[in-house]
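One letter stands for each residue in the lines below.
There are 2 protein chains.
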Amino acid sequence: MKNKDIKILLVDDEPDILEIVGYNLSNEGYHVITGANGVEAVKLGKKHKPHLVILDVMMPEMDGIEACELLRKNPDLSDTIITFFTARGEDYSQVAGFDAGADDYITKPIKPKVLISKVKALLRRLKEKEESSEIIKVGNIIINREEYKIVKGKEEIVLPRKEFELLSLLASKPGKVFKREDILDRVWGNEVVVGGRTIDVHIRKLREKIGDESFKTIKGVGYKFVI
Amino acid sequence: MKNKDIKILLVDDEPDILEIVGYNLSNEGYHVITGANGVEAVKLGKKHKPHLVILDVMMPEMDGIEACELLRKNPDLSDTIITFFTARGEDYSQVAGFDAGADDYITKPIKPKVLISKVKALLRRLKEKEESSEIIKVGNIIINREEYKIVKGKEEIVLPRKEFELLSLLASKPGKVFKREDILDRVWGNEVVVGGRTIDVHIRKLREKIGDESFKTIKGVGYKFVI
DNA sequence: TAAATATTTAACCCATTCTTAATATTGATT
DNA sequence: AATCAATATTAAGAATGGGTTAAATATTTA
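As they're listed, the protein sequences go chains A and B.
Just so we're aligned: the first sequence equals residues 3 to 229 in the working numbering.
Just so we're aligned: the second sequence equals residues 3 to 229 in the working numbering.
Among the clues, some could well be false.
[Claimed, not checked] Using 20 Å as the maximum straight-line C-alpha spacing, the simulated EDC-like pairs for lysine to aspartate or glutamate come out as follows:
(1) B:175 x A:81
(2) A:164 x B:183
(3) A:49 x A:71
(4) A:113 x B:148
[As the list claims (entries may be wrong)] Pairwise CB distance ranges (calculated):
(5) A:45 x B:115: 58 to 64 Å
(6) B:126 x A:179: 37 to 43 Å
(7) A:221 x B:141: 49 to 55 Å
It is worth saying that the hints were derived from the structure and are not from the lab.
A virtual CB, placed ideally from N, CA and C, is assigned to each residue, including glycine.
The whole structure should be built from the sequences, with the hints applied where relevant.
Encoded structure:
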């Protein structure tokens, strides 16, 4: 996603702030939308579905806290990051702000450079959510290597390390036969020497936990995972 | 940011050191700038705005400590990491160095491999600084890194530093398993060696204070924070 | 400087995980 | 079908690795 496609809704009742901050954000290539109070914030939020909302707390008509609560109620904006724009020292606003569903806050005054890097950090958060990490999906099984978690259908299966690694290896290429020596190399590491039956025992455990039908033995060669 | 874009200012009065260390750093792809004394360090620092400065302590003209103090006064270099390069045993220099605003120190002699990994660790710190937004929200817990404050529900929880860092690391990616070695790297720093049970003890404290259910152990791997 | 607090170490325990070994079964080959 | 080598099964024991605690150090604070 390019900066041009990223929409930032900036809401503040001081025109100067809108001007300066808006200018800096535009300069970075973001698509900036501005509003002057809470009512506008809610209206513009609904209309534009911005990726990031920067909300001043103290505003006429409707303050930032209330606006934030209303914005959060809109399911279209559930992935939107909302951050408050608050004068240093207005501590109460932070607490109230988080209750209202804000993700962060930015203190005024702030240097343009710092603001930009803060905005980038917030948007990076959004990006991370989108990017899926090391996840293997096969049939109805999802293997999440980052979380060390297996989900089969609806149930979560907990596997000890060696079993997890073995399954992950076999499932990384369903259908492919992995030779016994390759399995030893990749799951046990080629410096460790274990007896010949160790793999079998682990396969057995997996068959018990994941399902017999998923693991095929190729006699004299190795094993494969089938869907 | 690619290595090519990372500028390292290396300052030492011994040409051999500049040669060897500089070679190793260049080899990793870093953009290396070298200087022979404190005066040059300050001049080159101002000019190039390096991301990392490696400063020998004992140098003619102006020593590393003084150079460090001067570099620190430059607001452009506020994000720059400064580390001293000191012969093993020159203990006083470490103390004085930190007073002068240094972030770390590297002892001579050092093997190229160790040096590189140290530099990487330092640069990782820089990256984290840039990236980490100061507030992490997970479940009903708000971690405010800027104020070193934890709020769980309505109550504020005070955590000592290591516990705080550990929690904030784990909570930075709920669900993700952090390997023990990664935790050591990122909370303790990879140069510090602590006993095997240290992490456990801190986890235990967190479990007491935050809630047992939030910290899951993945045996043989590490820990994860779950909501 | 003393007192308080934080951090690390060390010792021990316990549970889980891994491996082995002994025996049973399978399947390819003749 | 007999044979034989490879794999399956099982249970037991070994090894690993985490949990817990208290005491020893370090560090910070008053």
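Verification of the hints:
Of the supplied pair hints, the one linking residue 175 (chain B) and residue 81 (chain A) holds, its CA atoms being roughly 17 Å apart against a limit of 20 Å. Among the hinted pairs, residue 164 (chain A) with residue 183 (chain B) is consistent with the structure: their alpha-carbon atoms are about 18 Å apart, no more than 20 Å. For the hint linking residue 49 (chain A) to residue 71 (chain A), the alpha-carbon distance of about 17 Å falls within 20 Å, and the restraint holds. Restraint check for residue 113 (chain A) and residue 148 (chain B): satisfied, since their Cα atoms lie roughly 17 Å apart, inside the 20 Å limit.
The hinted range of 58 to 64 Å is satisfied by residue 45 (chain A) and residue 115 (chain B), whose Cβ atoms lie roughly 59 Å apart. Look at residue 126 (chain B) against residue 179 (chain A): about 40 Å separates their beta carbons, and that is inside 37 to 43 Å. Judged by the Cβ atoms, the range 49 to 55 Å given for residue 221 (chain A) and residue 141 (chain B) holds: they are separated by roughly 50 Å.
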